[in-house]
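With the hints as your guide, set chains B and C onto chain A.
Here is what each chain is made of, one letter per residue.
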Amino acid sequence: MPSIRLVDVSKRFGRIQAIDRVSLEVRDGQYVCILGPTGSGKTTLLKLIAGLIQVDEGEILFDGRSVNDLPPERRNAVYVPQNYALFPHLTVKENVSFGALAKGLPRSEADTISSKMLELVRLAKRGDAFPHELSGGMQQRVALARGLASGAKLLLLDEPLGALDARLRIELRYELRKLARDLKLTVMHVTHDQAEAMTIGDTIVILRDGRVEQAGTPFHVYQRPESIFAANFVGDTNFLEGVVLERGARESTLELRRSLRIRVSDVSYLPGERVVVAIRQQRTYISRDQHDGANALQGQVQAVRFLGSFVKCEVRLENGDEVSCKFMRAIEAPKEGEPVTICFRPEDCVLFPYPHVGLSRELEAV
Amino acid sequence: MALPRLRIWSLFKPAEALNSFAKELNRSGASLADRNASRAQGYGFLDRLSANPGASKALYSASVLFFFAIVLLPSIAGILLKLGLVPETLENPYLVSRAGDALRASFLLAFSVSLLDLLAGVPFAWLITKRRSKLVSIIDTLADIPFIIPTVALGYSALLFWSGPQGISSLFAKSLVEPGWVLVLLLHFAFSYPVVVRLLVGEFQRYSETYEVAARTLGASSFTAVRTVTFPILKPAFIAAFLLAFARSLSETGATIMVAGAFENGPIFIKNAKDAGLEGPLVLVSLVLIFASAAIFFTISVLGTKLRLPFGRVWPKFERKVSGYGRWRDLAALVVFAFFIIIPSLFVALPSAEAALDGTMGRALAGEGVWGEYWSSIALSYVVGFLATAVNVIVGFPAAIMIARRKLGTRRTAIMDALVNIPIIVPSVALGVSLGYFWRAAGAFPEFWVLVLVHVSITYTYFVRTVAAAIEGISCEIEETARTLGASPFTVFRRITLPLIKYSVFSGAVMVFTRSVDETGATVAVVTNLKTAPVLLVSWVRNPQLYSQSTVALGVGFLILTSFAILLFLRLVLWRR
Amino acid sequence: MPRVEIVGLTKTYGPIKALDGVDLTVEDREYVSILGPSGCGKTTLIKCIAGIVEPTKGEIYIDGKAVHKLKPEDRDVGYVFQEIALFPHMNVWNNVTYGPRVRGWSADRTRSLAIEMLDMMGLEDRSSAYPIELSGGAGQKTAVARAVSSGSTLLILDEPLGALDAKVRSDLRYRLRELVKDLNLTAIHVTHDQEEAMSISDRVVVMRAGRIVEEGTPMQLYLNPKRIFTANFLGEANFLSGRVLEVREGGAFVEVCGCRLWTRDEKHKPGEDVVVCIRPEFVSIRRATGKCALQGIIGDIMFEGGVVRYEVSISDGVSILSDCAAGLEPADLRRGDMVEIDIASENVLIFPCPPEGLAKEVSLE
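Chains as they are written, first to last, in this note's numbering: chain A, 4 to 369; chain B, 1469 to 2045; chain C, 1068 to 1432.
The following block holds chain A by itself, in its conformation from the complex (with noise of 0.2 Å):
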């Protein structure tokens, strides 16, 4: 049942700063998505909570008390890895009973408890089998009910579902959900597919080499990034260069490429500013009539995505720049070739100062 909280904690390797001053707060009961690209140190944040890993500055503390000092086995913290490390040479009523064992609960006692928790995960007949006997599907389940097992009420889930098939990735998405929350899990999944996160999560915490990006819940964040980088690694965006001509009281004028206007409803920056404007995707509509107060933009069809239940169009608009629109099946997809009108609402658009970078690097860093 704990709340976790970090305060400020870092952690380095050699020359390499893993962690960076980072700052978290999870309530008791919540499910907290850490997202974010390889190498960014999800990883190692699961692993220092857990106490693998030993803090270089910085306070880890649960229900308000300090555990840097507290080793791994009397933290209540279950780390499950990606490949789940089931033990390979117990079988799963054994691996399940571990953490009991371990605890110094008599054997009895922690056999029940492995039954009902392999009947919990619908696995109560292969309790005599060995790990690599088991579909990754299974395994899965088997690691999970360890966990549980073992009394504890933190899970920290590295990439539960990265080495499952897509398909079962995505039905498994809300059974781990559910389960969390009826049985009042505090979780911490770490992801680097953002579709994954913003489905489970009741938090989201972006983490970018070693930092804090932003943090918030899944809406929040999708609705308002705070930075490219966010805007880029959750949800569909689309980005253009601009630099504000006109700022009103409430819309300023933007000028793209080639002198194309548009309005946005964020008035945060002054003129002569070079900003990024995104929008998402999704937001960015195909339209044959006018929408009134939207900006609109001509635009050739550049490829057709078929995805399912979704459809992108790639669109070249008539200064160069590239977008894409993503739209439900339910409106009939242009063809490739076709010339079209681009709309999306002032409202809809969210600014960006212009990275030292370039626009190209800062989103290649995904």
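Since the hints were made in silico from the structure, they are not lab data.
No false leads were mixed into what you were given.
Once the Cα atoms are required to be at most 30 Å apart in a straight line, the calculated BS3-like pairs of lysine-lysine come out as:
(1) Lys1248/C to Lys338/A
(2) Lys1427/C to Lys128/A
(3) Lys181/A to Lys1234/C
(4) Lys1136/C to Lys1789/B
(5) Lys1124/C to Lys1789/B
(6) Lys1598/B to Lys1138/C
(7) Lys1427/C to Lys119/A
(8) Lys1138/C to Lys1789/B
(9) Lys1084/C to Lys128/A
(10) Lys1138/C to Lys1703/B
(11) Lys1602/B to Lys1084/C
(12) Lys1136/C to Lys1598/B
(13) Lys1785/B to Lys1136/C
(14) Lys338/A to Lys1293/C
(15) Lys1138/C to Lys1785/B
(16) Lys1132/C to Lys1785/B
(17) Lys338/A to Lys1234/C
(18) Lys1789/B to Lys1132/C
(19) Lys1248/C to Lys315/A
(20) Lys1136/C to Lys1602/B
(21) Lys1293/C to Lys315/A
(22) Lys315/A to Lys1234/C
(23) Lys1602/B to Lys1138/C
(24) Lys1124/C to Lys1598/B
(25) Lys1427/C to Lys1336/C
Covered stretches of chain A, going by a simulated chain C footprint (3 or more residues, C-beta under 8 Å):
(26) 236 to 242
(27) 305 to 315
Note that CB positions come from ideal geometry on N, CA and C, so glycine has one too.
Same frame as chain A, now just chains B and C:
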């Protein structure tokens, strides 16, 4: 009929059951959390101790200290103590040139043997790895035999096969291979072969075939793919195999003496010098052996990685043709194996069997005459062997863990990792000399204990290396996850690590034991009154007028049998658990 | 350029049938994806085509030539491995030029083609880097460049994007298609990710347990799947049980959860029990007005970025998913609200009841 929403949720229990379950979980979770404070199980004290970072550091430091104090320092300090004897030896040109010849002979021999072993061993290891079949598994097991048979037995067997009247020479008028450097070469080739093959097979099995397959899909014939992709990637394995064979050849004393005739290499020179009471040359040659071998090793390990196997040109048509001769290559490897390794190694079985039937057996078992001394030497060998094994397992375990899991920091681990190899790099006879001097200077220890200490030092590396490799093979994540499930470091070791490395621990202990029983050179260098079995047998062979062939053959035969019996026994005992 | 024909391909490992009589034709210059869950045989299939695995039975023809007896080096197929498998002891340039060199090409020809490939994949300035220094995406691009650098016109990709981050994956897959189309290659791409398969293929082949379940264009398979497995494997689907009431011209009335639904299905007879399948994006909800017959209570609301997903409980244990584009969802709906469900008839799919039950039919294992 309504279909429930199709979800894998059906894999988990429905919500109502979960609620009651959650309550139970909370309850047991609370009781488990309480348990953290009081450990009911018997190992409680050790559990708590292992979690104490100070205590575990002390353990690892102690094991490192043991290595330095008992193994490393004495090995180097001993010979340095006698440095004073060298200058006067250097003034004697005869001694200097003879020492020089002996040293040169040692290194040239070792180099040639290693090269030959590599050339013969690679195709054979390839055969075992790639062509899996019943026949091949049998051959695989056979390949281990020269490994298990004590080298003195191999030496005698080789002597009989190549030189003796009943061996291959029976096909020719006179003896085919007289005792001398050729016979020594054949012998060394044979006993380093299984070591090389085992190492190569291990590496070949670990190697991902995908690289070679990728090369094939890109148009490379199998010969080209192996030459340009597989071998360059496996280069470190070849270097390691070469160095291993090199070290064994430099070290081997007992069997070499048996078959050397007039040939003299380093170890033989040392024995001769000792017999003649010439300490100066003995110290000189030992000194050179110690430092030269260490130097050669480090040079080859470093330079070897820089060595670029030729790739540049590819001759597609030619190499495609060569690829077709795979079967011939396999056949050649098998022929070499059979003719140069297995048959010479097992040849002693014939005379042993003869000796068993001609009455010698009766006298032997009764302990009559020379046999009394024989049985006490066998007993000595095994007692020393067991002691050396016991000590090395106990002190070697923490050292192995320390190296595998970098318990004392990366830099210290790297240093320890390199130094731990010294007992096998340096020829054991030279080590024996040095250690002998050290312990004699340190105090009046009884010969027996000096012998035990020397054997401990010489065999130290085998256990530590084997177990360290096994531990490294277990991913850290398994141990880490176990810790987070509530297991103290000791519990993790006991319930996770140990069961998973069980086989390697046994392997390592067996290697220590057999190496100790094998060891002749160091024993000869260190003790004068005690005779271990191999030392005794060597003196029997060198004095054919006193000891008949059937006596020697039977003596060797018993040695082989008792070794097998002990190994079998150990295996059964450990497997039962 | 080549056309690939596979006839009756079977591969058994002891009692296990990895491939069970597979027949497949890949046309010249087609980009075909082979899609299926782990263990369905898709990797075994492409390994047989490349010559890495020898089939137990069956024939393979590339451009009319029988290749099933040829060694891999003689088949001229570019293969991209799941583990990437770049030669660790060679830098990018030597990896990419390996194929031409072992085939004995002239230095000039090797150089020019390699430079072209590296340019196409955006790796011009990484040619002296070693595989260990490359990021996942760069490594994969190098592997692709290597596979096509010796002029092979058939490209086989074994889960090429599996090891990469989600974001990198979704960017790289379009590059793959571009490359294949620009070079006029025929591509066979194996994956377990249906979105990946649908977004870049001309045709998708769905496999399961060693057999082909169905094949067609992405749109055909998504909007008009002929098998329940396909309907469930590609995208999301709601499955409800129903019964055919009456058949008219152009369609039939089906009873679902107590409501009459018009569907464009003419294949089933009145009184027959059927499985009704409808995708979440074709199910819309609105606040209950009391007029529509199909009603339910919102069980869960999930936000997935561009989509809001409602889980609506219709009756005991039966629930239906409804997707709505974010921003266009009906305002102020909360968990527990009563709503009306509207199903777009043109997109309803009807399947006969599977004899072994629905769960078995869609299972992935």
